[in-house]
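The task is simple: from the sequences and hints, build the whole structure.
Protein sequence lines correspond, in order, to chains A and B. Going by the UniProt record's numbering, the first sequence opens with residue 1, and the numbers climb by one from there. Going by the UniProt record's numbering, the second sequence opens with residue 1, and the numbers climb by one from there.
Worth flagging that the hints you see were computed from the coordinates, not collected in a lab. Quick reminder that beta carbons are idealized off the backbone N, C-alpha and C, glycines included. Do not take every clue at face value.
DSS-like mimics (lysine-lysine), calculated; alpha carbons at most 30 Å apart, straight line [stated by the list, open to error]: (1) K41/B / K274/A; (2) K338/A / K36/B; (3) K78/B / K38/B; (4) K38/B / K338/A; (5) K274/A / K36/B.
Covered stretches of chain B, as calculated for chain A (at least 3 residues, CB under 8 Å) [stated by the list, open to error]: (6) 9-18; (7) 156-163; (8) 192-200.
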Amino acid sequence: MSRTPLDTVEHAAATPDVELPWAELGLKKDEYERVVEILGRRPTGAELAMYSVMWSEHCSYKSSKVHLRQFGEKAPENDAMLVGIGENAGVVDVGQGYAVTFKVESHNHPSYVEPYQGAATGVGGIVRDIIAMGARPVAVVDPLRFGAADHPDTKRVLPGVVAGIGGYGNCLGLPNIGGEVVFDSCYQGNPLVNAGCIGVMRHEDIHLAKASGAGNKVILYGARTGGDGIGGASILASETFDDAKPSKRPAVQVGDPFQEKLLIECTLEAFREKLVVGIQDLGAAGLSCATSELASNGSGGMRVTLDDVPLRDSTLSPEEILMSESQERMCAVVEPGKVDRFLEICEKWDVIATVIGEVTDGDRLEIYWHGGKIVDVDPRTVAHEGPVYERPYARPSWQDALQADDANKLPRPATSEELKDQVLKLVGSPNQASKSWITSQYDHFVQGNTVLAQPEDSGMIRIDEETGLGVALATDGNGRYAKLDPYTGAQLALAEAYRNVATTGAKPLAVSDCLNFGSPEDPAVMWQFAEAVRGLADACQQLGTPVTGGNVSLYNQTGEAAIHPTPVVAVLGVIDDVARRTPVAFQEEGQLLYLLGDTREEFGGSAWSQVVHDHLGGLPPKVDLERERLLAEILIAASRDGMIDSAHDLSDGGLIQAVVESALLGGKGARLIVPDGLDAFTFLFSESAGRAVVAVPRSEEVRFNDMCGARGLPATRIGVVDGDSVDVQGEFTLSLTELREIHEGTIPALLA
Amino acid sequence: MTARIGVVTFPGSLDDRDTQRAIRLAGAEPVALWHKDKDLKQVDAVVLCGGFSYGDYLRAGAIARFSPVMEPLIEQAKAGLPVLGICNGFQILTEAHLLPGTMLRNNHLHFICRDQKLRVENAETAWTSDYTAGQEIHIPLKNIDGQYVADQHTLDTLESEGRVAFRYLDVNPNGSNNDIAGVANEAGNVVGLMPHPEHAVEPLIGTGRTDGLPFFTSILKKLVNA
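Shown next, in the form of structure tokens:
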């Protein structure tokens, strides 16, 4: 076997004319030229590997960066913010010395290719981001979007994704407390698998991804590095070596949750003993990312000996080692005097740990292989100074026609019988049906702090046993609304998540987002993206909830067909005492049902228009953020002061969907009266934002009404919790048995 | 003086801290035991908690059963030390032959997490004396390998000796033989079950019921009165 000489820095300088496969690695010509310009010579193969992955859309946010800046520029003043955008995850102060970190990420493309592993490693990645901040992960959530529920491929993708999320998350001991499942044919070849995680720590335990202090050691620990998750690196490898090694490597990583569980415990133990100066997890772009980010965020440089990386496959080339996305690995910077203790802790947990380098007092990242220097770069140019694109964007030509196709003009039910049939059709439709077949595959109970979990409006976790301090998290994002108007759609996603946190009694505090869109190279998609970001940033500013971090997933499209623009927004809230939380389920017969907010004829993008007419057109519901804020304040005060016993936000499906859910969860029916000024159809199906339905004990009615009156929030008495059916006076009666059968039967019938 | 109850942490144990909390809420003192410990720190009883010890590789509980801590545990359990195995702990106890039978993958092949109704069949074991026989309780169930199976002779013996400690009610969630959710050894000091009593000890948390607390008060009373 003949070998070409090792492509060292020296060799690269001496052989300027060697052609490198930059195009195959995904770099554009001008990007490659920029690398040459930065280095003042051609890159080595290893350097090219690093630049190509770190400058990819996924790692560099090159198309989205110019828009995302608004999250910082428009960030509202918020004393709770401890760590903002740019770190592994944002951190907020929740009081009593506790800090909470949370983030949502996507693992969309891998989950389509290999649903189980794609989804599993998505959970693994977000959990490592949370640990890397110094926090113990305490819960996960999973916002999911799939193609049509009855499409054969959905039956391939969904069960695999759900089993993967469960298989990984359950094995880590993290309760799964929320998320959503939405079906729409626009996600047919592009399912969205977003994963969120919450972590809790004390303020003083916050850790950052930076390598400081010359002489400090860089320790790689966790799983051995293998050939999984390598995309283009194999091309480089085949340039360098003869064809005498395994050629086809999986591009989707394979997860081992057991290894990750050990990694969590081992890392937390090292944190407890204050052994860690800086830390970074290995996710996308593996070691390339971890070394360049640690080095560029710190004060010095870094020297790494790649030969010391423990391998699963000894034939890996240095380029492949740098690009490998093998799961369950972390990189810590540790003072020399603490290295022994760090390694001891790793050994206790049977975690492999190796010193692979050290922090230097220079400003270069240098990587060695077989004695030769194969990387010598300014780490900032790899990690932070990638290309930035001002992609052209333009309002699509079809947007006007779409908005003109008014859903308010669709034929409405003409008789009570028809109204009843449409209610049944709605609550039994895949999007509105119970998702318990899915969520029952996730552990909700582990850690013993779950106060609320799906199908509640938001998940809630107790973080202090003594005081009852807790946090709530809700995720929402309606792609249909965003398609009709991306600016408003993004604001509606925030408004809904904000409202969902407030209905449980928690105060909304901060935001994370996962922005799922089509190809940025399509000006129409780029316009959707720009509008959505602008809408979200404006709304966050107005509601006083800063974006603490998040993720962008582009290229969710097959051919010309992009997914609906789908900004998924997560809102984190805090509650002083979880004993004051308000659940969705009706609690007691005789309690009075109040509808809070204004109901207008708003059917654009509604569940009704989809289920009954298979229609998408018109305008989404109007957003009134001041109203949302007022509604939230009322809901929080009413929870705290015991004025309401259950509360449910109104969103897709409208009032009837919310009442049916509360009734089925509580096992108690409701009698509803259509209020003056509304017709039964609008009352039941409208999706006007800024609304919730609450159950008020009779003894609290006066106090509750006075509060709403004094604050100027419309509160309309619409009925009472009663009996074993949902009865809309003068229209129809549906027994809970019938409703339960149709609401809970749909998903198992399609997927089990 | 209160009772000291050990909780073993294996690599991959998940409910160790929850179990310690349940012991504390019952009024006993939890003692953390590590899988590499060669002695049991003179505890009065031991709980093997839920999780995926060693990733459930090979077979649930099959590797943990050979951990150093299991040697003194098996020996002392045979001599009467009260031991409770919850979920993965139950699987470990069957692998260690302290309890009969074994667990297969759920008959529907999915992980299932639900609030499960059970009937207490035997209220005379070390871990169930605070219940009454026939009492119906709700305890969270969450597992993928929860289908209890045993040969006919074993099942007949368990039934005739009253060693079926808990039975699933309303729904058999995993295809277990005779709806068995938990069993006891002959002496009644070793009990194993798939549902998680440590997740049902506080009114606000989880399902909001405290039906699991009597496990821990049962053993506390037995130990303190001994």
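Hint check:
1. K41/B / K274/A: Judged against 30 Å, a Cα distance of about 28 Å means the pair holds.
2. K338/A / K36/B: holds, 24 Å
3. K78/B / K38/B: holds, 17 Å
4. K38/B / K338/A: The hint holds at about 28 Å.
5. K274/A / K36/B: holds, 25 Å
6. 9-18: Since 6 is at least three, the answer is holds.
7. 156-163: Since three or more residues must qualify, the claim that chain A covers the segment 156-163 of chain B is violated, with 0 doing so at under 8 Å.
8. 192-200: holds (count 3)
The structure fails hint 7 only (numbered hints given earlier).
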